[in-house]
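Q: Quick note on UniProt numbering: the sequence shown kicks off at 1 and runs consecutively.
It should be emphasised that the hints constitute simulated quantities derived from the structure, not laboratory data.
Glycine included, every Cβ here is placed at the ideal spot set by N, Cα and C.
Just so you know, not all the hints are guaranteed correct.
Stated by the list, open to error - Only pairs whose alpha carbons sit at most 25 Å apart, straight line, appear in this in silico DMTMM-like list of lysine to aspartate or glutamate:
| # | residue 1 | residue 2 |
| --- | --- | --- |
| 1 | 274 | 140 |
| 2 | 132 | 24 |
| 3 | 132 | 271 |
| 4 | 66 | 22 |
What the hints assert, rightly or not - Have a look at the derived ranges for each label pair, beta carbon to beta carbon:
| # | residue 1 | residue 2 | range |
| --- | --- | --- | --- |
| 5 | 109 | 241 | 29 to 39 Å |
| 6 | 136 | 11 | 42 to 52 Å |
| 7 | 68 | 146 | 24 to 34 Å |
| 8 | 175 | 240 | 16 to 26 Å |
| 9 | 173 | 135 | 34 to 44 Å |
| 10 | 293 | 38 | 45 to 55 Å |
| 11 | 202 | 294 | 24 to 34 Å |
| 12 | 240 | 132 | 33 to 43 Å |
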Amino acid sequence: MHGDRILHEGDVVLSVVIAMRDVEPYLGHQLDSIAAQTCRVPWEVVIADNGSTDRSVEIAEGYRDKLPALTIVDASARRGPGAVRNAGVDAARGSRLVFCDADDELAPGTLGAMAEALAAHRLVAARLDHRKLNQPWSLDIHTPRSGLLETNPAFLPYTFGTSMGVQRGLHHELGGFDPFVEIACEDRDYCYRAQLAGEELVLVPDALVHYRHRTTWTGCFRQWRNYAIGSVHMYQRYRTHGLAKPPAGRALLGWGMTLLALLPSLRSSQERMKWAARLGWRVGRAQGSWRYRVWAP
Numbered sequence: 001m002h003g004d005r006i007l008h009e010g011d012v013v014l015s016v017v018i019a020m021r022d023v024e025p026y027l028g029h030q031l032d033s034i035a036a037q038t039c040r041v042p043w044e045v046v047i048a049d050n051g052s053t054d055r056s057v058e059i060a061e062g063y064r065d066k067l068p069a070l071t072i073v074d075a076s077a078r079r080g081p082g083a084v085r086n087a088g089v090d091a092a093r094g095s096r097l098v099f100c101d102a103d104d105e106l107a108p109g110t111l112g113a114m115a116e117a118l119a120a121h122r123l124v125a126a127r128l129d130h131r132k133l134n135q136p137w138s139l140d141i142h143t144p145r146s147g148l149l150e151t152n153p154a155f156l157p158y159t160f161g162t163s164m165g166v167q168r169g170l171h172h173e174l175g176g177f178d179p180f181v182e183i184a185c186e187d188r189d190y191c192y193r194a195q196l197a198g199e200e201l202v203l204v205p206d207a208l209v210h211y212r213h214r215t216t217w218t219g220c221f222r223q224w225r226n227y228a229i230g231s232v233h234m235y236q237r238y239r240t241h242g243l244a245k246p247p248a249g250r251a252l253l254g255w256g257m258t259l260l261a262l263l264p265s266l267r268s269s270q271e272r273m274k275w276a277a278r279l280g281w282r283v284g285r286a287q288g289s290w291r292y293r294v295w296a297p
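Could you build all of it, start to finish, from the sequences and the hints given here?
A: Below, the structure written as structure tokens:
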């Protein structure tokens, strides 16, 4: 026994599936937070590596003593978060699955709460905390929302892949994450498909994930560009179900505001981060419109 874990081959109930790629600075913090968890059911950790070129795999290997039920799999055959998570599930043994990102952290008690919730519900979400791991000014970029996430205008709630739990049966019924949602929003697509099939996404109040923001302006630009491309993909897929897009006039005005904000935004690193997020979003909307052949600038 390790903590409250009972580790016997074949009796795993809960599998923690972590998708990772080049997370050397942060992986140890996440694995430490997981190693400190307690859970009433036997559980394991499965790390799916999407072709890391840094020391991520080496760091993960160093946790075999702290996480005796640890499996590390090569998931480099296909890039993208959905394909990597699916590879992790294929290597997992549990009937209840909890997905985590390698650069975030779990608050104490989170795995136990998710395991208990998954005994009663097929699809669940932990709360998100944006404050512990981030600078206060970054909250101006990421609107802190601790519960289920919503689009504006509202459609169906969703959660991030770093805070999601699902029963294996539902995962297989959905066909897993769609690997063709390659850039972003594969988690949102997953939640939408489940709910359109009649499932409910249930918030677990006692489960909390500390979510990490990007710390460089280039990383911030790429993240928000990818979010935007993914949001256009979601609009292209779900507009017939009622998912709305922002009015074109508002989006075009946003382009002008971004350009006007360029010079003053260069005065400090904080303002450059905010500008990078705004610019990344606008660029991504345009790229997504071209890629998915829909007008959503």
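Q: In ascending order, which of the hints set out earlier in this document are inconsistent with the structure?
A: none
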